[in-house]
Every structure is written in C-alpha cells, then in structure tokens.
Amino acid sequence: MKIQKSIFFSFAHPDDESFSVAGIASKYGAQGVRLALSCATRGEEGKAGDPPVCTPDQLPAVREAELREAARLLGIDHVHLLEYRDKQLAAAAPEEIRRQLLSFIRLYRPQIVITFDPNGANLHSDHIAISRFTSDAVAAAADPRWFPEAGPPHRVLRLLWTTPVPLYKLALLPNLADQPGVDFVIDVKPWWERKAEALRAHRTQHLSIDRIWFHQPDPEKLLSREMFGQAWGPTLPARPADDLFANLD
1 MKIQKSIFFS FAHPDDESFS VAGIASKYGA QGVRLALSCA TRGEEGKAGD PPVCTPDQLP
61 AVREAELREA ARLLGIDHVH LLEYRDKQLA AAAPEEIRRQ LLSFIRLYRP QIVITFDPNG
121 ANLHSDHIAI SRFTSDAVAA AADPRWFPEA GPPHRVLRLL WTTPVPLYKL ALLPNLADQP
181 GVDFVIDVKP WWERKAEALR AHRTQHLSID RIWFHQPDPE KLLSREMFGQ AWGPTLPARP
241 ADDLFANLD
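Counting from 1, position 68 in the sequence shown corresponds to residue 68 in my numbering; the numbering is continuous, with no gaps.
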C-alpha cells in the first residue's frame, strides 16, 4: 500500500509560515503532499500596521483570519490554532502542549516535521519555545506509552529546522553549499509570486514584511529559494539536497 507523503509545520505566530515555508508548501502541495500547520498563538502582541488595519482588541481575530487566508493561498488544508498567549509561549504547560502537538503528528502521520531551529531564528522567546515543544512532541509521538488515546504511535523520519542565518539574508549569499546549517536548498521560483501573495495576506504585519522582503533590490530572488537544516533524519546523498524527501524511501 502506498503511503501518502505528508509534512507537518509547527510555528508560533501567524506569518511564521509565510516567512519560512510558503514556497515548499506551494511546491509539495502541488505534488499531492498532505500539508498540516499548527500555530501556537494568534500574535496578539504584534503590531497592527501603519495606518492600523484594526484596533488592538480586534488584532487576534484579524491575525487569525490573515493566517487562514495565507494557508488557503499556499494549499495548506489543515490549520490548527492553539490557545497560547503571544510572548508567553515558553510558560505553556509541557504536558498540555506535548499532547496537542503529538495528537497532530499521530493524526497526519508526517514523514517530515518543520519548525524553528533551537535559537528560534531570531532569538524570539516564542520561536525558541515552539522549537523545544515540537522536538519533544516528535519524540513522544513515536512512543506508545505517551497518550495512547491519541492514536497509534508514529515515527517522524526527518525533523527540519529553519537555518541559523535568516532565510532573507541567506538567499543573498553566493555559495550556500559552504554554509553550515544549510542541508536543503529548495528551488521554489515557480511559486515565488504565490509566496509574495501569502506574505501580503498578513496585512497587519506589512511594515516588517515590506522591509524584509519587498523593499529589497530583488524580491524575486529572495523569494525563489528556501533553505533548511536537518535536525535528524537519514544521511543525505549530498549537501545541500534539493528535495525534502531525499533518502526517505
């Protein structure tokens, strides 16, 4: 029986997915890979834009709507929003969030899980927390002693991290093969405009999104490749590999 390919994304805020995995979501979704996303907070402590898109009280609901629209554009059919407070994710009860993330992993049975690296890409405390919680859940999901009511155990074959150097800086470097922490470089140029559209769906965050992506000399180049490091998984035939599923068969 052929097993469906599946990728599970685990991030902290609305817009993390568009910054980090919009291109590969579009690429692999077009190949029939099942995509699922967990977002731990609604980003209610973030900015609302200038001029403001909404009031502070409206921001959580608006950012959730932005997330769901971006996911729709990217073909991520399964989106789960957890109920943790923005900028307080590190204080989440480990048992609770382990159970939640483990349940998603056992439900979607991904070969690949993608989250932030242990330093959270930019040292944001929520990014660091979700990296830690996701790694914990990936290990627990394979152990039948954890939450047997959540379904049969599932062993993730590959855990990927965002790169130590932020993607929007890494894309400008001349020789990615020499960069430590870059184990995959994925060509997503055919989907760069869709990635741009997903980023723009996060209207409340337009100040940082424009500064990082669209006010640069060559946005198309920045949006045409995505890079990841392998936290664990099968040995790669070469680094960087050009397919997230390399050596998983």
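Don't read these hints as lab results, they were simulated from the structure.
Among the hints, a few may not be true.
Straight line, CA to CA, 25 Å or less: simulated SDA-like cross-link-like pairs of lysine to any residue [claimed, not checked]:
id, residue 1, residue 2
1, 5, 49
2, 87, 142
3, 47, 88
4, 169, 225
5, 2, 169
6, 221, 180
7, 47, 142
8, 2, 174
query = Which of the listed hints are broken here?
reply = 1, 2, 5, 7 and 8
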